[in-house]
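If you want the building blocks of each chain, they are given just below.
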Amino acid sequence: MKIGIADTTFSRIDMGKIAIEELRKISSLKYERYTVPGIKDLPIAVKKLLEGGCDIAISLGWVGKTQKDLLSYLTLSIGLMIVQLSTGKHVIDVTIHEDEADNEKDLLMIAENRIREHVRNAVDLLLNPKKLQKMAGTGQRQGYPDVGPILR
Amino acid sequence: MKIGIADTTFSRIDMGKIAIEELRKISSLKYERYTVPGIKDLPIAVKKLLEGGCDIAISLGWVGKTQKDLLSYLTLSIGLMIVQLSTGKHVIDVTIHEDEADNEKDLLMIAENRIREHVRNAVDLLLNPKKLQKMAGTGQRQGYPDVGPILR
Amino acid sequence: MKIGIADTTFSRIDMGKIAIEELRKISSLKYERYTVPGIKDLPIAVKKLLEGGCDIAISLGWVGKTQKDLLSYLTLSIGLMIVQLSTGKHVIDVTIHEDEADNEKDLLMIAENRIREHVRNAVDLLLNPKKLQKMAGTGQRQGYPDVGPILR
Amino acid sequence: MKIGIADTTFSRIDMGKIAIEELRKISSLKYERYTVPGIKDLPIAVKKLLEGGCDIAISLGWVGKTQKDLLSYLTLSIGLMIVQLSTGKHVIDVTIHEDEADNEKDLLMIAENRIREHVRNAVDLLLNPKKLQKMAGTGQRQGYPDVGPILR
Amino acid sequence: MKIGIADTTFSRIDMGKIAIEELRKISSLKYERYTVPGIKDLPIAVKKLLEGGCDIAISLGWVGKTQKDLLSYLTLSIGLMIVQLSTGKHVIDVTIHEDEADNEKDLLMIAENRIREHVRNAVDLLLNPKKLQKMAGTGQRQGYPDVGPILR
Numbered sequence: 173m174k175i176g177i178a179d180t181t182f183s184r185i186d187m188g189k190i191a192i193e194e195l196r197k198i199s200s201l202k203y204e205r206y207t208v209p210g211i212k213d214l215p216i217a218v219k220k221l222l223e224g225g226c227d228i229a230i231s232l233g234w235v236g237k238t239q240k241d242l243l244s245y246l247t248l249s250i251g252l253m254i255v256q257l258s259t260g261k262h263v264i265d266v267t268i269h270e271d272e273a274d275n276e277k278d279l280l281m282i283a284e285n286r287i288r289e290h291v292r293n294a295v296d297l298l299l300n301p302k303k304l305q306k307m308a309g310t311g312q313r314q315g316y317p318d319v320g321p322i323l324r
Numbered sequence: 173m174k175i176g177i178a179d180t181t182f183s184r185i186d187m188g189k190i191a192i193e194e195l196r197k198i199s200s201l202k203y204e205r206y207t208v209p210g211i212k213d214l215p216i217a218v219k220k221l222l223e224g225g226c227d228i229a230i231s232l233g234w235v236g237k238t239q240k241d242l243l244s245y246l247t248l249s250i251g252l253m254i255v256q257l258s259t260g261k262h263v264i265d266v267t268i269h270e271d272e273a274d275n276e277k278d279l280l281m282i283a284e285n286r287i288r289e290h291v292r293n294a295v296d297l298l299l300n301p302k303k304l305q306k307m308a309g310t311g312q313r314q315g316y317p318d319v320g321p322i323l324r
Numbered sequence: 173m174k175i176g177i178a179d180t181t182f183s184r185i186d187m188g189k190i191a192i193e194e195l196r197k198i199s200s201l202k203y204e205r206y207t208v209p210g211i212k213d214l215p216i217a218v219k220k221l222l223e224g225g226c227d228i229a230i231s232l233g234w235v236g237k238t239q240k241d242l243l244s245y246l247t248l249s250i251g252l253m254i255v256q257l258s259t260g261k262h263v264i265d266v267t268i269h270e271d272e273a274d275n276e277k278d279l280l281m282i283a284e285n286r287i288r289e290h291v292r293n294a295v296d297l298l299l300n301p302k303k304l305q306k307m308a309g310t311g312q313r314q315g316y317p318d319v320g321p322i323l324r
Numbered sequence: 173m174k175i176g177i178a179d180t181t182f183s184r185i186d187m188g189k190i191a192i193e194e195l196r197k198i199s200s201l202k203y204e205r206y207t208v209p210g211i212k213d214l215p216i217a218v219k220k221l222l223e224g225g226c227d228i229a230i231s232l233g234w235v236g237k238t239q240k241d242l243l244s245y246l247t248l249s250i251g252l253m254i255v256q257l258s259t260g261k262h263v264i265d266v267t268i269h270e271d272e273a274d275n276e277k278d279l280l281m282i283a284e285n286r287i288r289e290h291v292r293n294a295v296d297l298l299l300n301p302k303k304l305q306k307m308a309g310t311g312q313r314q315g316y317p318d319v320g321p322i323l324r
Numbered sequence: 173m174k175i176g177i178a179d180t181t182f183s184r185i186d187m188g189k190i191a192i193e194e195l196r197k198i199s200s201l202k203y204e205r206y207t208v209p210g211i212k213d214l215p216i217a218v219k220k221l222l223e224g225g226c227d228i229a230i231s232l233g234w235v236g237k238t239q240k241d242l243l244s245y246l247t248l249s250i251g252l253m254i255v256q257l258s259t260g261k262h263v264i265d266v267t268i269h270e271d272e273a274d275n276e277k278d279l280l281m282i283a284e285n286r287i288r289e290h291v292r293n294a295v296d297l298l299l300n301p302k303k304l305q306k307m308a309g310t311g312q313r314q315g316y317p318d319v320g321p322i323l324r
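Protein chains in written order, with the numbering used here: chain Z, 173 to 324; chain P, 173 to 324; chain R, 173 to 324; chain Y, 173 to 324; chain F, 173 to 324.
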């Protein structure tokens, strides 16, 4: 089984490298990487990865701060949705918004944590979906501390 | 006949568990559950459930408070729309927005009520569609008290 | 020939009933009715009606006041668009927004007028399309008084 | 060759008539007209025109002033996009927004100018595409005076 | 191999000409140009280029300043997304927003730089994809100075 990893030259963090590090740490799955200029190039890259033999993909995007960037983010999201529904495979969307933190150190911390957690999610979806079911409703967060469940 | 139930680890409430409880209380229908990380993973999970033999599905999503979260909600909605139109089956979208209440107790009450009512809607759509027709235009609400009809 | 009529239990007005009344008053066309919980369930209901033999459909939706409701309205609209383009048949979208009036009496008047006018539009599209062409550019409104043409 | 012209009864200006006038003035192309109630009915009308033998189409829409109207405009635009990509033919979208001018005289002038210029664009796309290439980057506007190029 | 270049008469800068200049400077690839009136005409033009033998395309759009223009930009983006996913080929979206600068000189500089950099991206995607992978996460910008990586 193989995981596709798509990332961008626009990103200020080498998101693909972090994803590959985490993947190697937790599994012996093969991977294929595809780097494109920006987020609106990611869905077709992901589609090529999935049609080229990957069983799941991780899309690593970096989004600017303006209203126009948010529209590009919406387009990315709809594109990844179409890719999933037409290939029948999961694509984990990992997006970092540049305004999530006001300094580079925090942004790096959020990005690294989010990527690592979502790589684990992708591996679980592929190899161990029952593990996700056990965590249903537990307020998992990626990039920030988990918020935990609201118990009845 | 079988009902698909898709939920998330992002949710702070075990929405899938509540849906299953309600389903068992009101019917003897079989169900299949699929848990994913977040709301943008729900449409492909729902599609897999429907193509795997479920006759209807319930999508259980939990949405954050920011403008970005609203765009993810729009993407989820469009994804579930495409799934319904390509499979020819109903998907009941049950979404909880974190800002619907300002405390956890109320949020839990809204969520539990909304899930239970929509499980009943799904069962009626499948087994008893004429019952919904009798309630047409009666101001049904899920998660809040019904508002009732405006009579002529 | 047959007209499909889809409506909701969420609506505070029995929109389907008004549509059927108007249809019976102006024609002897057959109809089929399909009631669903809310607006995001309408497109798949309409699709089932059209694929089940209806030649045109009327979608009767009721939308709340919040920004989230507007996103659901956008999803409904895109869904009805996809249904039309994939079936090759017209779907008249009749939507009432709860904030179109500040009291129930006015809301009822707008809804009743809009539904009746659009039932006539649907019948004309089906049986008498040249009549619509004669009214091109005349500022027709549904739910409010016509505004009339701007003459050259 | 034949041009499809779709317009609405909602419009306050007989946009279809102006388009036909201009078309007759500049060419001897045949045309087919299809009038629908409002803008969300235009994409399916345009699709029927194109599948019925038209080689290109002009969509003539009139949009109200509210935020809801803008969402309908977005739905119209996405619908026309899907029609173009599924038929492989151009559809020129001519939209007048009611708030483009604050009096009827100016609105009429903008509409008439925009329609006439876009009819010429449609004819050029069909018969003389090299003419458009010569005007690339020259700041053409439809409905307002051209703004001209920014020269290097 | 061949590159498709689509541009508009709406643009105030001859974007297609700049793209062709850059392409000739850095490669001996063939190209085909397609000029349309405005941004909502670009996706079908790009689709025709790709289906007519181009291996990749560059879409050169110019967007006005209003909220309506942003909706057209979103429609353009979704259209280019659908074109990519249905043809299986990359389309580089080069968009200039008229409000990116407050004078014509700066706007020209941004446009020229963005076009040239994206032509190089397109050529790399086609001939040398490993080069993009080496630049992953380095904060590349098109139209503005690169912002550089955030290093761990």
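Treat the hints with care, since some could be wrong.
Same chains, same names: a pair is fine if it fits in one copy or spans any two.
Unchecked claim - Lysine-lysine pairs mimicking DSS-like chemistry, simulated, CA-CA at most 25 Å apart:
#1 Lys189 with Lys237
#2 Lys277 with Lys302
#3 Lys174 with Lys220
#4 Lys240 with Lys303
#5 Lys202 with Lys277
#6 Lys306 with Lys220
#7 Lys197 with Lys174
#8 Lys174 with Lys277
#9 Lys237 with Lys302
#10 Lys202 with Lys189
#11 Lys202 with Lys237
#12 Lys237 with Lys220
Note that these hints are calculated values from the structure, not bench results. In this text the structure is predicted, and so the values were computed from the model without any measurement.
**Asked** What are the numbers of the hints the structure violates, in ascending order?
**Response** 2, 4, 5, 8, 9, 11 and 12
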